[in-house]
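Trainee: Listed below are the residues making up each chain.
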Amino acid sequence: MTANPAEQLQRAGGRTLARLLLKTGVLFLLLNLAFAQLNPLPALGRISAYNILLPGRTRLPYGEDPARAYNFSLYSLPAMLASHELAAAPVPPPANEYRVIVIGDSSVWGYLLPTADTLTAQLNRSNTTTPDGRVLRAYNLGYPVMSLTKDLLLLTLAHSYTPNLVVWCVTLESFPMDKQLFPPLLQNNPDAVRALADRYALRTAVDDTRLVQRDFFSRTLLGQRRNLADLLRLQLYAPLWAATGIDQEIPKTYVRRMEDLPADPTFAGITKGQLTQQDLAFDVLAAGFEAARPAELLLVNEPMFVSNGVNSDLRYNFFYPRWAYDQYRNWLAAAARENNWRYFDWWDAVNAAEFTDSAVHLSPAGTGQLANKLAAAIVAAAANPR
Amino acid sequence: MTLMQVAALAALATAARFSGLLERPAVRAWILCLSSALVLFLLQPVTGVRQLDYWLPLGTLLMCAAVWAITRPAAQGLAREDTVTATAVATLCVAVSLTRYVPPELRFSTGRAPPPEFVALVLAVMAGLLALTLRHKGRDIASLPTVLAVLALFILLKIEALATLAGSAVRGLTGQDTTLASSSDLRWLGFSYIAFRLLHALFECRNGKMPALTLREFFAWVIFFPALVAGPIDRAARFAQDLRAPLAPADPELRAGLGRIASGLAKKFVMADSLALFCLNEINAAQVNSTGWLWMLLYAYALRLYLDFSGYTDLAIGIGNLFGVRLPENFNAPYLRPNLTQFWNSWHMSLAQWFRAHFFNPVTRALRASPHNLPPALIILITQLATMLLIGAWHGLSAGYIIWGFWHGAGLFVHNRWSEWMRPRMAALAPTPRTAQALQVSGAILTFHYVALGWVWFAIASPQLSWSVLMRLLAFA
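The listed protein sequences derive, respectively, from chains A and B.
Our numbering puts the first residue of the first sequence at 952, with every later residue one more than the last.
Our numbering puts the first residue of the second sequence at 984, with every later residue one more than the last.
Treat the hints as calculated values from the structure; they're not laboratory data.
Some hints here could point you the wrong way.
[As the list claims (entries may be wrong)] If you anchor each label on the Cβ, the simulated ranges turn out as follows:
no.: 1; chain 1: A; residue 1: L1173; chain 2: B; residue 2: A1458; range: 44 to 50 Å
no.: 2; chain 1: B; residue 1: E1088; chain 2: A; residue 2: P1043; range: 44 to 50 Å
no.: 3; chain 1: B; residue 1: Q1423; chain 2: A; residue 2: R1019; range: 19 to 25 Å
no.: 4; chain 1: B; residue 1: V1067; chain 2: A; residue 2: G965; range: 58 to 64 Å
no.: 5; chain 1: B; residue 1: A1249; chain 2: A; residue 2: Y1205; range: 38 to 44 Å
no.: 6; chain 1: A; residue 1: A1331; chain 2: B; residue 2: L1286; range: 52 to 58 Å
no.: 7; chain 1: A; residue 1: R1280; chain 2: B; residue 2: A1249; range: 56 to 62 Å
no.: 8; chain 1: A; residue 1: N1262; chain 2: B; residue 2: A991; range: 28 to 34 Å
no.: 9; chain 1: A; residue 1: R1019; chain 2: B; residue 2: R1400; range: 52 to 58 Å
no.: 10; chain 1: A; residue 1: R1280; chain 2: B; residue 2: L1457; range: 28 to 34 Å
no.: 11; chain 1: A; residue 1: V1086; chain 2: B; residue 2: Q1423; range: 52 to 58 Å
no.: 12; chain 1: B; residue 1: L1457; chain 2: A; residue 2: V1330; range: 28 to 34 Å
no.: 13; chain 1: A; residue 1: A1046; chain 2: B; residue 2: P1446; range: 52 to 58 Å
no.: 14; chain 1: A; residue 1: L973; chain 2: B; residue 2: A990; range: 14 to 20 Å
Owing to the predicted nature of the structure, the values given are computational and were not obtained by experimental measurement.
Positions of the beta carbon are idealized from the N, C-alpha and C atoms, including for glycine.
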């Protein structure tokens, strides 16, 4: 018995649906397998609207309120770098450019500072020229987390842009060994961290459980959907970056850095007399000097807030007890002398009124003071290369 | 609706279509009625008021039942079929409230439902009232007060200050802190669309055009889940026709339905949501550093609005197709229209048609028949301005929406006068096809920009900021 036309069409519909589901399923599976096998994320990260259709960012993508800052934190190092104005810089630098890459923490990135007032922006605005007539052009490769390993990673990435000089602003908080792999940026780039550790024989624990281990599923398209979406979001914020020049929401009011301090004599849980040089990542610092070659590296112990409030006899500020910071400065100065590093200890170079919400975040004026000193040091370094 | 919710509903619709359950119209009406009632509870946003995310969907169902009873033809009382439907829907409501005893992830309501015995008591009282209404032969006299009640509720929800006040009152009833009240306390899923379907029923009843629907059909029409969140606003007679017709063969329906769903997903979740990241809003409007960029953000907003809304419409039409319901189109390439009148014939068409049928046409007829012998131009001005002001108010009773309505009302009037003035001149000129095409293109560009500038009032809540943005866009500031 043959089915009537309506039944035939119903069956045809069922067959269409079955075919559709089967093809979709097979295609989806293949796509996921191919994605896991090929790992196209780094290549995709290099495709960017920044510097081609729209201006590059003057500092690396970072932020927690994308709707207001048009910026957010992601883990793709290629995408972060591709969105930066450095990615459009000619290699090697033009004959009249003296290229300086500045790395460091949030004070270099410019937390609570508009893009026009960051350290590198003020350096560029100073129109500083080297004795041979090259114009100083500084690039901000700071990133607002404290870890020397993070700085080293960014330095190695920026190295292909052939800087003439690297400026590395550091503070004790970036040194503790157990903080080296603290930033999620590092934890989500385990291969890059292991490559660094291998290359420079770092003491960083490459088997640290904080480094994200990717199983097969997390390498598939489905597993990487969040990272893929981040790549797209970074591009979608490009128009608003271009339209507003804003990459950080700066609140009108904020809690000022702590003046009165807790009566806590410890640093990172360590009491006086127990801190050793081995607890600090001096090996990462040394690796930085090696990684910067052939460019010179100028090391700066960045300015910090020195409190006069309650318990200021015990601590300099919220971050540091006096004993730990003094010890750190001694070790850093000794290492610089021993290794013939170009080193500037500007820990107290900016007056207390110019610190904003933390002991290392500077106001525009405070950043200006630092920029002036740095510009002079850069000119000196350019005049007397080692 | 989230992507997962849309995917789940589309999958359920597809499964229902191929299960063979939808073959019989009566079963289809059952499935649509009960699934829509359930979706009403499932999609209701969480509110700040305890248990209100249960009472609001229940309120929708009770309002539907009341309006159904009022609009039911006088000759028809309560049929057995309607009693069964009412019992089934009431049972579903009690069943949803029973999920208060299970873990939150297994609940059918977004918050914790009230105790089932209390729900049952409310339902019993309402059922009694419904039965009394249906016994009353002259029940249509209740239609005008009901229209006013629905409108009053609509106004209450659309005026932020009133909604906050009402939120405070409801918080008081539940013993919550009234100082925390806000207008979002009364976020009522799909109320704007449901209210307009109910008003349509009441108006059609007064005009004697309302078809006799069973309670099941009435529920299926008013709370039809694919059209719950963003329309379209279907007419009762047309919907019932589809519901009662035998299902069309699955193959073409499936292709059409899944195609529209795919188009809707791409428009809403890929394009519109991407554009949302950089389209004009209150924050970036004040930050943009050049007029050129301001225009870009405005274009992005215009596109986003269209893609978002027409994406939802595609999803509704696509899922509707799977159930054999051909919902009306809501958009027809509106930004390519050569004048504002044609724009409004192709933008949110079901809402525009609703206002045309229930406000513009009756008011125009009344003014024409007026003993004051008003000039035609004045009648057009009054009706177009009033209609567009009401459409603006439908989106929200705030200054921005009202000015947006005025913007379009004035634009429509100017276009009407302009086309009246041009018609004889154009006939005398007899333009060549190329000239006519050039006029069409320039008309479309002009119309798009007029509409886009109007969106400034829509995108930015503050009229002062909207005005300053408008001045910047027009290079006066």
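Trainee: State for each hint whether it applies.
Mentor: Hint check:
1. Taking 44 to 50 Å as the suggested C-beta distance range, the pair L1173/A and A1458/B conforms, at roughly 49 Å.
2. For the pair E1088/B and P1043/A, the beta carbons lie near 59 Å from each other, so the given range of 44 to 50 Å is not met.
3. Distance hint check: the CB atoms of Q1423/B and R1019/A are about 42 Å apart, inconsistent with the given range 19 to 25 Å.
4. Checked against the given bound of 58 to 64 Å, the beta carbons of V1067/B and G965/A, roughly 31 Å apart, lie outside it.
5. Checked against the hint of 38 to 44 Å, the C-beta distance between A1249/B and Y1205/A comes to roughly 42 Å, which is consistent with it.
6. At about 54 Å, the beta-carbon gap between A1331/A and L1286/B stays in the expected band of 52 to 58 Å.
7. Taking 56 to 62 Å as the suggested C-beta distance range, the pair R1280/A and A1249/B conforms, at roughly 59 Å.
8. Separated by about 58 Å at the C-beta atoms, N1262/A and A991/B break the suggested range of 28 to 34 Å.
9. The hint said 52 to 58 Å for the Cβ distance between R1019/A and R1400/B, and at roughly 44 Å that hint is violated.
10. In this structure the hint that R1280/A and L1457/B lie 28 to 34 Å apart at CB is violated, the actual value being about 60 Å.
11. For the pair V1086/A and Q1423/B, the beta carbons lie near 54 Å from each other, so the given range of 52 to 58 Å is met.
12. Range check, L1457/B to V1330/A: about 49 Å between beta-carbon atoms, so the 28 to 34 Å window is missed.
13. Taking the beta carbon of each, A1046/A and P1446/B are about 55 Å apart, inside 52 to 58 Å as hinted.
14. As the Cβ distance of L973/A to A990/B is approximately 18 Å, the hint placing it in 14 to 20 Å holds.
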